[in-house]
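Asker: Sequence:
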Amino acid sequence: MEIRHTTNPADVKHYTTERLRQEFLVGGLFEANKINMVYSHYDRLIVGGVLPVGEALKLEDRETLQTEYFLERREIGFLHIGGGIAVIAVDGKAYELSKLDVLYVGKGRQDVTIASKDKNDPAKIYLVSATAHAEYPTRKMTAEEANPTHLGSLETSNERVLNKYIHADGIQSCQLMLGVTTLKPGSVWNTMPAHVHDRRMEAYLYFDLNDDARIFHMMGEPAETRHLVAENEQAVLSPPWSIHSGAGTSNYSFCWAMAGENYTFSDQEFIPMKGLR
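Once you know that position 204 of the sequence shown is 204 in UniProt numbering, the rest is easy, because the numbers rise by one and skip nothing.
FYI, nobody ran anything at the bench for these hints, they're computed from the structure.
Glycine included, every Cβ here is placed at the ideal spot set by N, Cα and C.
Careful, some of the hints might be misleading.
[Claimed, not checked] Capping the alpha-carbon separation at 20 Å, the derived lysine to aspartate or glutamate pairs in EDC-like fashion look like this:
(1) Lys-34 to Asp-118
(2) Lys-34 to Glu-60
(3) Lys-107 to Asp-91
(4) Lys-107 to Glu-72
(5) Lys-13 to Asp-169
(6) Lys-34 to Asp-169
[Unchecked claim] Derived DEER-like restraints, expressed as beta-carbon distance ranges:
(7) His-227 to Gly-54: 33 to 43 Å
(8) Pro-9 to Gln-268: 25 to 35 Å
(9) His-150 to Asn-232: 36 to 46 Å
(10) Ile-3 to Val-229: 34 to 44 Å
(11) Asp-211 to Gly-108: 37 to 47 Å
(12) Gln-172 to Glu-144: 16 to 26 Å
(13) Glu-63 to Ala-134: 21 to 31 Å
(14) Phe-216 to Ala-89: 22 to 32 Å
(15) His-227 to Glu-31: 24 to 34 Å
(16) Glu-31 to Ala-89: 18 to 28 Å
(17) Thr-17 to Asn-120: 36 to 46 Å
(18) Ser-250 to Thr-142: 24 to 34 Å
(19) His-5 to Glu-72: 21 to 31 Å
(20) Arg-277 to Ser-153: 24 to 34 Å
Model the full structure from these sequences, guided by the hints.
Answerer: In structure tokens, the structure reads:
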């Protein structure tokens, strides 16, 4: 597992493009028969990718976590982003996931494996894990069950559908929140006007882009904005002090996941357009 340490916003404003990418952009998550993960010291969030082509892959990393099993002091959310049916087994009970289905697994589950139902049509699974101090039951949710919310408009280039999966009124968790936003054709902007929530970090995974499409992910303090150019199936780690917004060269989907002190969407601080520089 790769480890990323926290950064100081006073230092980040002096970073080169390459340094910004090294600190905040996460690529190469989906490799055949591997579980690739990045451990962020921002709220100790872990993001990862799984592309199971052969045998089932066991979720584990004792060397990094220094625990007997992965979810000894953690919870996790799995999102199916494409391909065939995924089969995730939790302490012997199997759950099948299709595209945009989410499975939450709570603290204390000891044996978690990830596989594809058909190795000739492998699933592609994105995972996000946060620390947990309480146990919540394992639960699967489809996109339809996530009660899609329609936001924005084509006139402002941000017509989109928001699916909330893991949150206070959906799948219950200790601190992890997770959802997916899909932009309609002709729309490119997400989360505008931009905002920050200093009590929680956030991670974005951009997906469903063509190979020649790109996302310009906006970050940095409101008066010291920077950007990252992201490709399909790359993630961005967003510090609590940073805005997180973006625009694509086409429409796309992204998974947003949060961890931190507050378990709410209402503590956002929206930044007026005149406050961005």
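Asker: Run every hint past the structure and note whether it holds.
Answerer: Going down the list of hints, with the structure as the test:
1. Lys-34 to Asp-118: holds, 16 Å
2. Lys-34 to Glu-60: Roughly 11 Å between the alpha carbons, so the hint for Lys-34 and Glu-60 holds.
3. Lys-107 to Asp-91: At roughly 12 Å apart (the allowed maximum being 20 Å), Asp-91 and Lys-107 satisfy the hint.
4. Lys-107 to Glu-72: holds, 6 Å
5. Lys-13 to Asp-169: violated, 37 Å
6. Lys-34 to Asp-169: violated, 33 Å
7. His-227 to Gly-54: 33 to 43 Å: holds, 38 Å
8. Pro-9 to Gln-268: 25 to 35 Å: Given range 25 to 35 Å: violated, Cβ gap about 18 Å.
9. His-150 to Asn-232: 36 to 46 Å: violated, 24 Å
10. Ile-3 to Val-229: 34 to 44 Å: Check failed, 24 Å falls outside 34 to 44 Å.
11. Asp-211 to Gly-108: 37 to 47 Å: Cβ of Asp-211 to Cβ of Gly-108: about 41 Å, so the range 37 to 47 Å holds.
12. Gln-172 to Glu-144: 16 to 26 Å: This hint holds: roughly 19 Å between Cβ atoms.
13. Glu-63 to Ala-134: 21 to 31 Å: Check passed, 26 Å falls within 21 to 31 Å.
14. Phe-216 to Ala-89: 22 to 32 Å: Violated, at about 39 Å.
15. His-227 to Glu-31: 24 to 34 Å: holds, 27 Å
16. Glu-31 to Ala-89: 18 to 28 Å: holds, 21 Å
17. Thr-17 to Asn-120: 36 to 46 Å: Holds: the Cβ-Cβ distance is about 40 Å, inside 36 to 46 Å.
18. Ser-250 to Thr-142: 24 to 34 Å: About 26 Å separates the Cβ atoms of Ser-250 and Thr-142, which means 24 to 34 Å holds.
19. His-5 to Glu-72: 21 to 31 Å: This hint holds: roughly 23 Å between Cβ atoms.
20. Arg-277 to Ser-153: 24 to 34 Å: holds, 26 Å
Taken one by one, the earlier hints fail for this structure at numbers 5, 6, 8, 9, 10, 14, listed in ascending order.
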